[in-house]
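Make the full structure from the sequences, and use the hints.
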Amino acid sequence: MAEKRRYLCLNPISRMGLETFLPNYSETKDMNEADGILVRSADMKEMELPEGIRAIARAGAGVNNIPLEKCAEQGIVVFNTPGANANSVKELAICAMLMSARNVFDGAEWVQSIKDSATIAKDVEKGKKKFVGCEIKGKKLGVIGLGAIGAEVANAANDLGMTVYGYDPYLSVNGAWRLSKEIRHATSLAELCAVSDFITIHVPLTDKNPGMIGKLEIDEMKEGVIILNFSRDKLIDENYLAMQLQKGKVKHYFSDFANPLSVKMPNTTITPHLGASTEEAEDNCAVMAVRELMDYLDNGNIRNSVNYPACDMGVCQTAQRIALLHRNVPNMIGQFTAILAKDNVNIANMMNKSRDKYAYSMFDLETALTEGNINELKAVGGVIKVRIIE
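119 is the number of the first residue of the sequence shown in my numbering; add one for each residue after it.
Keep in mind the hints are simulated off the structure, nothing from the lab.
Treat the hints with caution; some may be incorrect.
Calculated lysine-lysine pairs in the DSS-like style (CA-CA distance at most 25 Å, straight line) [as the list claims (entries may be wrong)]:
| # | residue 1 | residue 2 |
| --- | --- | --- |
| 1 | Lys255 | Lys240 |
| 2 | Lys367 | Lys247 |
| 3 | Lys367 | Lys340 |
| 4 | Lys326 | Lys163 |
| 5 | Lys257 | Lys163 |
| 6 | Lys367 | Lys382 |
| 7 | Lys248 | Lys340 |
| 8 | Lys188 | Lys471 |
| 9 | Lys496 | Lys471 |
| 10 | Lys244 | Lys233 |
| 11 | Lys255 | Lys352 |
| 12 | Lys299 | Lys258 |
| 13 | Lys163 | Lys188 |
| 14 | Lys246 | Lys233 |
| 15 | Lys460 | Lys475 |
| 16 | Lys352 | Lys340 |
| 17 | Lys163 | Lys352 |
| 18 | Lys257 | Lys188 |
| 19 | Lys382 | Lys365 |
| 20 | Lys365 | Lys248 |
| 21 | Lys248 | Lys382 |
| 22 | Lys333 | Lys257 |
| 23 | Lys333 | Lys365 |
| 24 | Lys496 | Lys460 |
| 25 | Lys352 | Lys382 |
Keep in mind it's a predicted model, so treat the numbers as computed, not measured.
See below:
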C-alpha cells in the first residue's frame, strides 16, 4: 500500500493540477505536516522550513521567491516548470510587440480623451497621424534567452516575417533543436543590441545578472528601439532606461512588472504580470509541478530541479531504494558503497549526479537496510539527507 503523503499549497493552485495527485496524497494547511509544498508567487525567503519538508514545486518558471541555497542546505529539492507556460508568455510578447509598434495604447487612450466630442469621427481622422506606427514584417527582433519561452517567441516572430537574432551563451543542444534554422545567432549581447529594432528578454533572474541590460547595452541600441521585458524588472537598469525613454532613444518599453519607477516612466506600458496568467498556463504549470513532486516523493527521481541535479531511475524494482543528498566532494560514492558492502548489501542499480556544490545519489538494493546502515550513511561527512523511498 502506498505511503500516505501530504502537501501544502502556499498559493491557489489550479484544480486540474490538484486532481493529478494520486489517492494517497491529501492537502494540509499545516506546514509541519507536509511532505511537499506547491507555490506560485508567495515569498518563501524568510520562512523557516520544518525537517519534514522534502521538496518544493514552483508552478511556474521563476524561482526568485524561493531561498534555493537554504533549501539545498536542508536537503530540500526545489522544482520549477520550464516550458509549461511558454505559449502563454509567447502570445503576450507577440501581442506587446505588435501593439507597441502600432501605438495602439496611446491611440486608444487619445480616443477616450475626446469621447465627448460631437465631431469625434472627423476628429479621429484628422488626429490619427499622430499615432502612425510601423509593421513588424521585415524588422529585426533580438531575443535574449532561447529557453522554452524565448525559442517560441523567436520562431513565432520568424513566421511573421521578422529577421530574428538570438543570444544565449547557455543554449543547450535540445534548445537549439527547438529553433527554426532561420534564427540567426548573435555572438554577443552588444551585437544583438546593435542590430535589433525590437528586443525581448527571456532569461531568469539570478544573483549574477541584475542590470544585465544597462548603460553599455542601451547605448549600443538603435535610435527608436522598442524593448519588451517578460522576465523580471531587475534585469534592466530602469533608472538609465527612464532617461533614454525621455530622450526618445528608446521609443517604447513594455514590461510585465510594475514597480514605483516603471509605472511613472514615459513611453512605457506596464501590465500586471500577465505573462502566464491564462487558465491554460496555470493548468499546465500545476499539473507539471504536481507530477514532479510526486515522482520525487514516491520514486526519488529529480526532474527540472533548480538546486539539485537531474536524476531518474524510474520505478524501483528491488527490495528498497535509498536516495542521498550530499555535497559534491570526492570519494562520497566510495564511502557509501563501503558501508553497504560491509553488511553484504548488494547494489542492483545506482546513479550519481552532481550540480555545482551539491550531488545526488540513488541506490536500488536487493535487501533492505538496517537502522544501523542508515545511521552510518547519515554520519558520512558531507551527507545532507538520507531518504528511504517507500
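Against the structure, the hints:
no.	hint	verdict
1	Lys255 / Lys240	violated, 30 Å
2	Lys367 / Lys247	holds, 21 Å
3	Lys367 / Lys340	holds, 7 Å
4	Lys326 / Lys163	holds, 18 Å
5	Lys257 / Lys163	violated, 42 Å
6	Lys367 / Lys382	holds, 17 Å
7	Lys248 / Lys340	holds, 22 Å
8	Lys188 / Lys471	holds, 20 Å
9	Lys496 / Lys471	holds, 18 Å
10	Lys244 / Lys233	holds, 15 Å
11	Lys255 / Lys352	violated, 30 Å
12	Lys299 / Lys258	holds, 16 Å
13	Lys163 / Lys188	holds, 9 Å
14	Lys246 / Lys233	holds, 14 Å
15	Lys460 / Lys475	violated, 28 Å
16	Lys352 / Lys340	holds, 22 Å
17	Lys163 / Lys352	holds, 17 Å
18	Lys257 / Lys188	violated, 45 Å
19	Lys382 / Lys365	holds, 15 Å
20	Lys365 / Lys248	holds, 18 Å
21	Lys248 / Lys382	holds, 22 Å
22	Lys333 / Lys257	holds, 24 Å
23	Lys333 / Lys365	holds, 14 Å
24	Lys496 / Lys460	holds, 16 Å
25	Lys352 / Lys382	holds, 16 Å
Checked against the numbered hints given earlier, this structure breaks hints 1, 5, 11, 15, 18; the rest are met.
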